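Both chains come to you apart, so use the hints to assemble them.
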Amino acid sequence: MNVTDQLINDGILDQDQAQRINDSERDKPMSVHWELKTILYLGILLFMSGLGILVYQNIDTIGHTVIIGVISIACAASFYYGFIRRKPYSNGEVKYDSPLFDYVVLLGCLLFGVLIGYIQYQYMVFGTHYGIATLFPAALFLGTAYVFDHKGILSLGITGFAASAGISVTPMHLLKNNDFSSNDIIWTSIVVGAVLAGFSKLTDIKDVKKHFGFTYNNFASNILFIALLAGLFNEGYMAFVYFLLIAGLVFYYMRYAIAEKSFLFLLLSVVYGYIALTYSFFSLLIQIGNELSFMLGLFYIVASCAGVVLFFIYYKRILRIKK
Amino acid sequence: MIAYNKILLSNLLVVKKTKQWFSRDLINGAQMASVLNKYPIEYFKPNIFIKVGLFLFTLFLISAGLGLFSLVTMSIFMNDNSFEGYSIVVSIVFGGACVFFLEKFIQWRNWYSNGIDDALLYSALSFIFSAVAFSISNNLNDEDGLLLLCFIYLPFLIAAAVRYIDRVVTIFMVVCIYTIFFLLIMKIGDVAKFIMPFAFMALSAAFYFIVKKQMYLPQIIHYKGCLKVIKSIALIVFYVSGNYYVIRESSVEFFHLDLNEGQDIPMALIFYAFTAFVPLLYLFFGLRSKDKLMVWAALLLIAVSAITFKYYFSLGHPEVSLTIAGIMMIVLAYASIKYLINDKNGITFKDDPNEDNFLKTNAEALVIAQSFGTHAQPIDTGVEMGGGQFGGGGSGDKF
Chain Y
1 MNVTDQLIND GILDQDQAQR INDSERDKPM SVHWELKTIL YLGILLFMSG
51 LGILVYQNID TIGHTVIIGV ISIACAASFY YGFIRRKPYS NGEVKYDSPL
101 FDYVVLLGCL LFGVLIGYIQ YQYMVFGTHY GIATLFPAAL FLGTAYVFDH
151 KGILSLGITG FAASAGISVT PMHLLKNNDF SSNDIIWTSI VVGAVLAGFS
201 KLTDIKDVKK HFGFTYNNFA SNILFIALLA GLFNEGYMAF VYFLLIAGLV
251 FYYMRYAIAE KSFLFLLLSV VYGYIALTYS FFSLLIQIGN ELSFMLGLFY
301 IVASCAGVVL FFIYYKRILR IKK
Chain H
324 MIAYNKILLS NLLVVKKTKQ WFSRDLINGA QMASVLNKYP IEYFKPNIFI
374 KVGLFLFTLF LISAGLGLFS LVTMSIFMND NSFEGYSIVV SIVFGGACVF
424 FLEKFIQWRN WYSNGIDDAL LYSALSFIFS AVAFSISNNL NDEDGLLLLC
474 FIYLPFLIAA AVRYIDRVVT IFMVVCIYTI FFLLIMKIGD VAKFIMPFAF
524 MALSAAFYFI VKKQMYLPQI IHYKGCLKVI KSIALIVFYV SGNYYVIRES
574 SVEFFHLDLN EGQDIPMALI FYAFTAFVPL LYLFFGLRSK DKLMVWAALL
624 LIAVSAITFK YYFSLGHPEV SLTIAGIMMI VLAYASIKYL INDKNGITFK
674 DDPNEDNFLK TNAEALVIAQ SFGTHAQPID TGVEMGGGQF GGGGSGDKF
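Protein chains in written order, with the numbering used here: chain Y, 1 to 323; chain H, 324 to 722.
Pulled out of the complex, with its shape left as it was, chain H reads as follows (with noise of 0.2 angstroms):
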């Protein structure tokens, strides 16, 4: 089912595990040397920046090669009408040359998740989309054509996620499920406005649970990082169907609603309980059952939640709700730095050495793209000082 060398795939999931328990000093030099021995894990894998790279790159490459094709063939093949039929067979042969392409490298080379297979992927998906919509371009025009399209999109998303273990077609793929349930719903009527948020919110716990079962079955161990991405897509669509906002915004704009000033949207009271109760249930179980995922869903959804309130009961002083915001987040996170020095509950300050952490590894970066200190000084003309301005973040003024 899966196209990359599966033997490498779970060697590389032997390498990492062994290699924290080294670092943890569970395991011996003499034993992780004969882990590395056994499981050998020689592939092509450049660095992330190379990998950004050769992504670009490949992408470019397939461009210019559509164009000269293009150029090439139209003029031999078009006739007056049959741009579509050319653009048809321009995709299938372009589409199939990546796959084409992906399969034998994968074959021969061994590759694995290095950028090109990747853009080679996505290239692939979309010149078979664009197949496939010219040659029903006819009935794109309303919602029936839009399910159509999902409806022959969702089994290419769901073999392509599964062949090459693939997050961002994954999160394509649950996009897709999503649009094809929202547009069913609305087949059925007037009660679609009361059914769809406890249906989409259903549809979320369905997608959390199976997955949360499925995780750790050691059949799938390989679609982890994809089965996350689905967890995280339902936390999040969970929350969002039933926030006060996109209830209220979608009634207006789906469903027609007119309120009027004062008025308010049926069950307001469950929506705001909702939209101010679940990522903070989030948290609760996030910490307890020590899953990072859903904490850094929480805490997202903690700031959604605030700027939600903030929204409809503003006090009209933004500044006011900047600085205590800020003060109880520098209190909360002190308290909680102090608490948590030693463990606590399973709980812990403690920097973990092993850990793939967005936060962590992109550290140095986020502080570079900080525009700390950003306006440069008037050379000859000088009647505005920016001098206030240099403290960035600090202060966005000018005095």
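Just chain Y, with the same shape it has in the complex (with noise of 0.2 angstroms):
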């Protein structure tokens, strides 16, 4: 049975109105929105790779003080589109209704990008100071981030941030480019990710900008907890501190997801949460090492993964009885 006639027995809907339902239903259009959207951002990527790769093999027949020219001309304009049709700043999330500011913008971002990178690598302006050359072209990512509320030039902000200061924090290159065995990359990053983390939290606190806490929280929780396991997996003597600051942080991020309704942050406190446990529970067995701790081994294996099913069914009913 059709829903509006189900409706209609129900004595919720009348004649008329179902009859509109059913016609609203029929001519409503397809909306092909995200469709172009992806079309055009995918269009960008392809064209700006090529224009690289075009840009890198004629370098000898356009001359550098051209493409610089160029890069920067493509630059500003990007800018001073962006600046005329910004809208006053706010605190607040701000919307733009121009399906193409954000693409114009990022591209304005990504030129910028280029162009520092260029000019360095020509030019050396800022010497053998490769840091200052990822943090300046950071630092205006950040502001104008902020200025036209761009999630995605504020995680390019982010990126170059934690690059300057000598770590890769984009997913797919997060385990791949750190070598963890260092433990200056560890510290490096969790000073990283524990200054993303508290600016994220004192910007909530001061009610500027609340919707980019998800960007912040989802690079500062993941090096945090990398790095923090790397410690983990590294230290000897230290593994109690990085085991007791790792149960911390899961705290920290339970109560953040719970708070923001962003489960995301559940879900990756419990599975980190749960490795650090279950290595720390198996290196324990290792040491005392009889032939039961195979065994204890593999009950604790089924055991915890019953205990976590259990949380996520009842982590409603548990993360309240802790407040």
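Read the hints as simulated data drawn from the structure, not as lab findings.
Predicted, not measured: the structure shown is a model, and the values here were computed from it.
Hints are all accurate, no fakes.
Ranges between beta-carbon positions, derived for each pair: (1) Y:Glu260 / H:Ser386: 30 to 38 angstroms; (2) H:Val395 / Y:Ala259: 40 to 48 angstroms; (3) H:Lys329 / Y:Gly307: 29 to 37 angstroms; (4) Y:Gly307 / H:Met538: 40 to 48 angstroms; (5) Y:Glu260 / H:Tyr539: 36 to 44 angstroms; (6) Y:Gly307 / H:Phe517: 58 to 66 angstroms; (7) H:Ala596 / Y:Val208: 55 to 63 angstroms; (8) Y:Arg20 / H:Lys361: 15 to 23 angstroms; (9) Y:Lys87 / H:Phe521: 55 to 63 angstroms.
Partial list, computed: chain H residues near chain Y (C-beta under 8 angstroms): (10) Gln354; (11) Asn370; (12) Val375; (13) Thr381; (14) Ala387; (15) Gly649; (16) Leu655; (17) Ile660.
Here are the computed lysine-lysine pairs in the DSSO-like style, where the Cα-Cα straight-line distance is at most 30 angstroms: (18) H:Lys374 / Y:Lys201; (19) H:Lys368 / H:Lys547; (20) Y:Lys28 / H:Lys613.
Ideal Cβ placement from N, Cα and C applies to all residues, glycine included.
Here you go:
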């Protein structure tokens, strides 16, 4: 039976209204909003990559001045477009109606990054201070992200900020590019993660662009958890400290997840926390190392998995008790 | 037939519809409230991320249970030469247990689509399938063995898809049918290579039209998701079975066609035309009948066709192709956006707030997953400046 007929039977709808609903269902236009935006975005990506290679191959014939000139003009034009169409700054979320606005501003930022990299490579304007050469555009990106309310540029700024400290934080490269067996990387990562999480918390309290919180914490939580886990795996005598830090972080992000209703962070804290707990449990078992410990290990996995499943089923009740 | 609480499923449908109407001001708040009152939907409905967690940890739990169980019982029940017999018994025990808990939890706790039920269902099927595979493992070396396996698996897959309305199982079911079809045609002999593409097209077309006809029948309203899966696969397989690259490579692979330099496969022109026009036809009919699924298939397949032609008619300048493709996409998308700012022929650029759209719900995640700025700066030894790289998608090159 049709839903409208069913509701007429229940006496919730009358005949006219049902007719109107059925008409509206039939005549409703199909929205291709996200499809077109995706094509546009992919187009920009392809265009930029193709152009990048073209410029690289023809650098001898075009000449540096021309390339720098063209990139600067394109970059300036993008920012000019952004600034004349910009809405006044607000601490809340600012939404732009024009579908192109986000992309033009993003293009401007990407071009600026390319420009700085190019100038640095060609003329060494920042000398050997590579960190500054990265920090400078990153700072501009962060500013731009706030001015134009742009989460994509915020991500750019955060990755740039972390890169200037010497670590890769993009999800795809977090594990691949960083050598977490070095303590320097671990400590740098912890500082970067803590700065990001702390800054997000601060802006949250001050009520500045609260919707940026997800982006900040998505980076911060992954950096922090992975760095702390690496610390736990590396260190003998510090392991206990790292374990406690992870426990604290799990607690922090569980509360964050509940407060923001952002359950990605609940999943992240449980998974990272479970890895830490299991690793610690098994290192203890190996140190004890008798015949029973293998059996005990299997029992632990069965019991702990069941525990996690139960936690996910009853997390509302469990976490409310904690509060 | 359906394991889940049917009243719950119907109520979910009613509430979903009425919520859309409410957001479009077609019904008022009082009506919405009485719908929610009359059609309660109280069940354990975890957030998507928690669902992922439940799914993963249920799988871990089942594997760990299997490990523990084997450790305890293996030494007792297994003789030297009965590994297969033991495995069959364990698989049946675990498969049965998974089905039992799945059924019982759905009954007791009114579970529906919360991650645990999916994990139990997939584990149950895996256990049953490995029991089957262990019992006929002697025949598994040839094509007949595979055919036999598919024939035995198919009823289980159909039963599971029907009883648990599961889309992943539906995918495997369709793949299983296609595999059986392929192996049966291969049995014909030499003619197989000529009829294979057309047979696959015919089967896909049959799937498509049957599904299209059944889609809006009220008796099978709960299977809409599964039918959509079958429809998408049918659309894609129909295209793939006539795609020039697939025809050429599979002729070489399965039918030992020897192609010399400059030689082409028989009827090459037809397959070129097919590769070029089928996606465009999909796009046309998809837009005309307001069929989102078909539009998506069309967009995906246009890209596939472009790559296919690029593969055989490459000019040797990928960067030029990239740039031109990028410009074309930007221009097309921009022109379409401008054109569709107001509704045209039932198509609009305006965002539909009620739509369940993968691109929309995952837009944020996609942005995050982008590898925008990738490489870290070298801390001490910085011979190579990575600055050109933090353009990310913009410039993949070090200048």
